[in-house]
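*Asks:* These are the residues of each chain, in order.
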Amino acid sequence: MKLDSKVPGGPLEEKWDKHIKDINLVSPNNKRKFEIIVVGTGLAGGAAAASFAELGYNVRSFCIQDSARRAHSIAAQGGINAAKNYPNDGDSIWRLFYDTIKGGDYRSRESNVYRLAQVSNEIIDQAVAQGVPFAREYGGNLANRSFGGAQVSRTFYARGQTGQQLLLGAYQAMMRQVHDGNIKYHPRHEMLDVVVIDGQARGIITRDLVSGELCRYEADAVVLATGGYGNVFYLSTNAKNSNVTAAWRAHKRGAAFANPCYVQVHPTCIPVSGDYQSKLTLMSESLRNDGRVWVPKKKGDERHPNDIPEDERYYYLEERYPSFGNLVPRDVASRNAKMVCDDGLGVGETGLAVYLDFRDAIKRDGRDTIESKYGNLFEMYENIAGENPYERPMRIYPAVHYTMGGLWVDYNLQTSIPGLYAAGEANFSDHGANRLGASALMQGLSDGYFVLPYTIGDYLAKQESGKRYGTDHEAFAEAENAAQSQIDKLLSIDGDRTIVDFHRTLGKIVWDKIGIARNAEGLKSAIEEIRALREEFWQNVKVPGDKNNYNKYLEFAGRVADFFELAELMAQDALQREESAGCHLREEYQTEEGEALRNDEDFSYVAAWEYKGLNGKLEETLHKENLEFEFVELKQRSYK
Amino acid sequence: MSKEMTIHLKYWKQDGPNAKGYFEEYTLDNVNEHMSFLEMLDVLNEELMLQDKEPVEFDYDCREGICGSCNLVINGQAHGPKERVAACQLHMRNYSDGDHITIEPPRAASFPVIKDLVVDRSAFDRIIEAGGYVSIKTGSAVEANSILVQKEKSDAAFDYATCIGCGACVAACPNASASLFTGAKIAHLNKLPQGEVERSNRVVAMVDQMKEEGFGDCSNFAECEAVCPVGISISAIAEMRRDYMKAVVNGD
Chain A
3 MKLDSKVPGG
13 PLEEKWDKHI
23 KDINLVSPNN
33 KRKFEIIVVG
43 TGLAGGAAAA
53 SFAELGYNVR
63 SFCIQDSARR
73 AHSIAAQGGI
83 NAAKNYPNDG
93 DSIWRLFYDT
103 IKGGDYRSRE
113 SNVYRLAQVS
123 NEIIDQAVAQ
133 GVPFAREYGG
143 NLANRSFGGA
153 QVSRTFYARG
163 QTGQQLLLGA
173 YQAMMRQVHD
183 GNIKYHPRHE
193 MLDVVVIDGQ
203 ARGIITRDLV
213 SGELCRYEAD
223 AVVLATGGYG
233 NVFYLSTNAK
243 NSNVTAAWRA
253 HKRGAAFANP
263 CYVQVHPTCI
273 PVSGDYQSKL
283 TLMSESLRND
293 GRVWVPKKKG
303 DERHPNDIPE
313 DERYYYLEER
323 YPSFGNLVPR
333 DVASRNAKMV
343 CDDGLGVGET
353 GLAVYLDFRD
363 AIKRDGRDTI
373 ESKYGNLFEM
383 YENIAGENPY
393 ERPMRIYPAV
403 HYTMGGLWVD
413 YNLQTSIPGL
423 YAAGEANFSD
433 HGANRLGASA
443 LMQGLSDGYF
453 VLPYTIGDYL
463 AKQESGKRYG
473 TDHEAFAEAE
483 NAAQSQIDKL
493 LSIDGDRTIV
503 DFHRTLGKIV
513 WDKIGIARNA
523 EGLKSAIEEI
533 RALREEFWQN
543 VKVPGDKNNY
553 NKYLEFAGRV
563 ADFFELAELM
573 AQDALQREES
583 AGCHLREEYQ
593 TEEGEALRND
603 EDFSYVAAWE
613 YKGLNGKLEE
623 TLHKENLEFE
633 FVELKQRSYK
Chain B
32 MSKEMTIHLK
42 YWKQDGPNAK
52 GYFEEYTLDN
62 VNEHMSFLEM
72 LDVLNEELML
82 QDKEPVEFDY
92 DCREGICGSC
102 NLVINGQAHG
112 PKERVAACQL
122 HMRNYSDGDH
132 ITIEPPRAAS
142 FPVIKDLVVD
152 RSAFDRIIEA
162 GGYVSIKTGS
172 AVEANSILVQ
182 KEKSDAAFDY
192 ATCIGCGACV
202 AACPNASASL
212 FTGAKIAHLN
222 KLPQGEVERS
232 NRVVAMVDQM
242 KEEGFGDCSN
252 FAECEAVCPV
262 GISISAIAEM
272 RRDYMKAVVN
282 GD
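Chains as they are written, first to last, in my numbering: chain A, 3 to 642; chain B, 32 to 283.
I should point out that these hints are in silico values taken from the structure, not numbers from a laboratory. Glycine included, C-beta positions come from ideal geometry on N, C-alpha and C. Please note: incorrect hints may appear among the correct ones.
[To be verified] Subject to a maximum C-alpha distance of 25 angstroms in a straight line, what follows is the list of computed BS3-like cross-link-like pairs (lysine-lysine): (1) A:K526 x A:K614; (2) A:K186 x A:K33; (3) B:K168 x A:K33; (4) A:K254 x A:K4; (5) B:K113 x B:K41; (6) A:K544 x B:K44; (7) A:K35 x A:K254; (8) B:K168 x A:K186; (9) A:K23 x B:K168; (10) A:K544 x B:K168; (11) A:K526 x A:K626; (12) A:K299 x A:K365; (13) A:K254 x A:K526; (14) A:K8 x A:K23; (15) A:K491 x A:K619; (16) A:K510 x A:K544; (17) A:K35 x A:K23; (18) B:K84 x B:K44; (19) A:K4 x A:K614; (20) A:K35 x B:K242; (21) A:K17 x A:K4; (22) A:K491 x B:K168; (23) B:K168 x A:K549; (24) A:K20 x A:K254; (25) A:K17 x A:K464; (26) A:K469 x A:K33; (27) B:K113 x A:K549; (28) A:K549 x B:K84; (29) B:K84 x B:K41; (30) B:K242 x A:K186; (31) A:K20 x B:K84.
[As the list claims (entries may be wrong)] Cβ pair distances, simulated, as ranges: (32) B:E55 x A:G214: 48 to 54 angstroms; (33) A:N551 x B:H131: 28 to 34 angstroms; (34) B:D151 x A:D367: 44 to 50 angstroms.
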């Protein structure tokens, strides 16, 4: 496998415009001869499907939910970044680019990140035109707020439901095309394999989740916009059905998987309360604009937090990072929360929590102001935790939230399989080793609305229009048979342990050893434990019901099987990266102050893994895409 | 320390849209007060599977009240007893030791049962398809701040746009009407200048589709508003009706 990032030459500011000028176009009457499959209907998939259809392509859209509107982008709370500079506070495309590169700890591709910053403004225009009800000022113009890792206010938001509103915008655009017959829409379908013929992606195999039937779909190109793999941890802020299956199965067909060890742990989530817990809930990072993070200075201080006087509180972020304070990037905030809890200063029943306190903000701005900014988040907290955050500080703890790693893609968002594209969280492209808040929505929509519609045309223009191998081609039959035999195998084991039991056990290994902090010894033992548990899974899992019916646990079984393989690759990837970068903290490589210590000399590369086989252990070959920094100077990140 | 309870469950089982449904009963001990309602059902399913019994199917995804997947009718109430939350955000601390809980799917002809508590809500997608959007192509938008919107109007638009499409309004309505769902989208887009151009066409197309899907008419019971997990106001329905009449009478 040879990785070619296909980054255009020339000055950073001109690369994308030049690329658009240079790429091939498909003429309007030829577009209708091409069919594009889009898997996933979140921001990236929904935006791509709608935009392709508007251009005149035939589109097929698939999602596992009962409606495209339920994709997990819907849960994003805080906002979306753009370089509009409306507040006149010194923002620019360059600054958004620079903050994103720096936030990612210099482990992303300059060209992709610059393009992301460039199109960010168009995304806001597009969303407003669709009727997305962003927050506004009294003069009628759009409002902004601040997010971590930036010293400007560039985040657009719709209360604490920005993801929902942007997703509904994309969904509605998509449904307009469904109505006009340009998109064939397949909800409750799960992609189980990608079909590769003569080295090109030519279709997919899906399972109809209602009837259980396996289906074959042929197309000229396939886009995977299937989200991230945070649920490998079992507990995460992802939706319960979020999974790695589409991406992983593409990986096994030849798509390189990049930087799987880069997993973002979000600092402000509601802590775990018991074994029955099925997911973790995030409290938007925007809360750190007004909330102050602290723990008691004294170990085991069991007083009510409001009774702990000011001089006995350790505002550790404000003290350690005076210039960014509570608004340090997510990786820094999470790591510090873990450190104070490891030191025994954590609060709550489990000792695995810190306070996020709004007392001072309420005193300063009044309860009404705080309520208008965060009302729905406070309500959500109270529902889950059973405590009133207006009166008592929230208890928060880091939780797995976003995966920067994903399918390797070139500048065109094409994976290492020609004709197969990956967009949004499913690719590795823009966030390096750590994503900044409010940048996921930006990237998903950038990929879907403003990148893929151009780059996919460049690929299709070089293909023979209307070429069909037919779904009875042997490659379709082989892929369907493989999917079928895995389903049959899962149903036939009839063991003693439930899928949830296996998944939870796997998640604990991954959290303990490939979580916020990693070390070589832990990673090596994680690999052994994952292999042993995976072997037991295939001998002892209990999958109920049958295959020709709606069967959620059968769906989960297939997804957990893929998580077992991915987990091993995450450990391998974390093991080979003998440095700390962004969210990847190797305990062996830290500064004296406990900050991540990069090794640019040896590790300034994207780790792209090629699947070689699975035989008790996962066999993968590492390919390195060197990251060249032509335009920014690599620095030790500092938020002090 | 958290409290543990015994809960007596009665839940709907149905193999498919045309199969005959029935209730199953099961008693769960050790229900923790901090569990969400759906986590309690997870625990039920774990116990059932370990006893080689069939688990009960129910729809869910985000489990934080925003995706709209869950749609359980709990003791006759859509999303259960707590106001302004979806079933996934209902916690067992709202129940007491020894309580009896009956769980059913929403009962509406336009939402046929797929299996057990899982129903087909694709009719909602088709209502949006009919006109629930601003017809703007990618790339053709004007600069965002060239469209000024009064803050009050924008906030009001948000209050309607926040609908999660769960279908509780249909489940609660004696007529199984989808008026609150449809009206919410219409009112959201009506409040904004971006939605103005297609105002008349939109309301006619969406209301006609709603009828086509077999949803009943609104008789002002306001049950929908009472169960709506995000508090959509019934004024959306009045606005929809007014606009519909205007559009039909004026023929525009």
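*Asks:* None of the hints should be skipped; say for each whether it holds.
*Replies:* Comparing the hints with the structure gives:
1. A:K526 x A:K614: Roughly 20 angstroms separates the two Cα atoms, so the pair holds.
2. A:K186 x A:K33: holds (16 angstroms)
3. B:K168 x A:K33: Answer holds: K168 of chain B to K33 of chain A is near 16 angstroms, not above 25 angstroms.
4. A:K254 x A:K4: Measuring from Cα to Cα gives roughly 16 angstroms; hence the hint holds.
5. B:K113 x B:K41: It holds: about 19 angstroms lies between the C-alpha atoms, which stays within 25 angstroms.
6. A:K544 x B:K44: holds (21 angstroms)
7. A:K35 x A:K254: Between K35 of chain A and K254 of chain A the Cα gap is close to 30 angstroms, so the pair fails against 25 angstroms, i.e. violated.
8. B:K168 x A:K186: Given that 25 angstroms is the threshold and the Cα spacing comes to 18 angstroms, the pair holds.
9. A:K23 x B:K168: holds (21 angstroms)
10. A:K544 x B:K168: violated (48 angstroms)
11. A:K526 x A:K626: Between K526 of chain A and K626 of chain A the Cα gap is close to 22 angstroms, so the pair holds against 25 angstroms.
12. A:K299 x A:K365: holds (23 angstroms)
13. A:K254 x A:K526: holds (23 angstroms)
14. A:K8 x A:K23: Within the cut-off at roughly 15 angstroms; holds.
15. A:K491 x A:K619: Holds - the C-alpha atoms of K619 of chain A and K491 of chain A are around 19 angstroms apart, at most 25 angstroms.
16. A:K510 x A:K544: holds (20 angstroms)
17. A:K35 x A:K23: With a Cα-Cα distance of about 23 angstroms, the restraint between K35 of chain A and K23 of chain A holds, given a limit of 25 angstroms.
18. B:K84 x B:K44: holds (12 angstroms)
19. A:K4 x A:K614: It holds: about 15 angstroms lies between the C-alpha atoms, which stays within 25 angstroms.
20. A:K35 x B:K242: violated (36 angstroms)
21. A:K17 x A:K4: holds (23 angstroms)
22. A:K491 x B:K168: The hint is violated at about 46 angstroms.
23. B:K168 x A:K549: violated (41 angstroms)
24. A:K20 x A:K254: violated (34 angstroms)
25. A:K17 x A:K464: Since the Cα atoms of K17 of chain A and K464 of chain A sit roughly 22 angstroms apart, the hinted pair holds (cutoff 25 angstroms).
26. A:K469 x A:K33: With a Cα-Cα distance of about 13 angstroms, the restraint between K469 of chain A and K33 of chain A holds, given a limit of 25 angstroms.
27. B:K113 x A:K549: violated (36 angstroms)
28. A:K549 x B:K84: holds (16 angstroms)
29. B:K84 x B:K41: Given pair K84 of chain B, K41 of chain B holds - Cα atoms ~15 angstroms apart, limit 25 angstroms.
30. B:K242 x A:K186: holds (23 angstroms)
31. A:K20 x B:K84: violated (62 angstroms)
32. B:E55 x A:G214: 48 to 54 angstroms: Violated, at about 22 angstroms.
33. A:N551 x B:H131: 28 to 34 angstroms: Holds - the Cβ-Cβ distance for N551 of chain A and H131 of chain B, about 29 angstroms, lies within 28 to 34 angstroms.
34. B:D151 x A:D367: 44 to 50 angstroms: holds (47 angstroms)
This entry does not satisfy hints 7, 10, 20, 22, 23, 24, 27, 31 and 32, going by the numbered hints stated previously.
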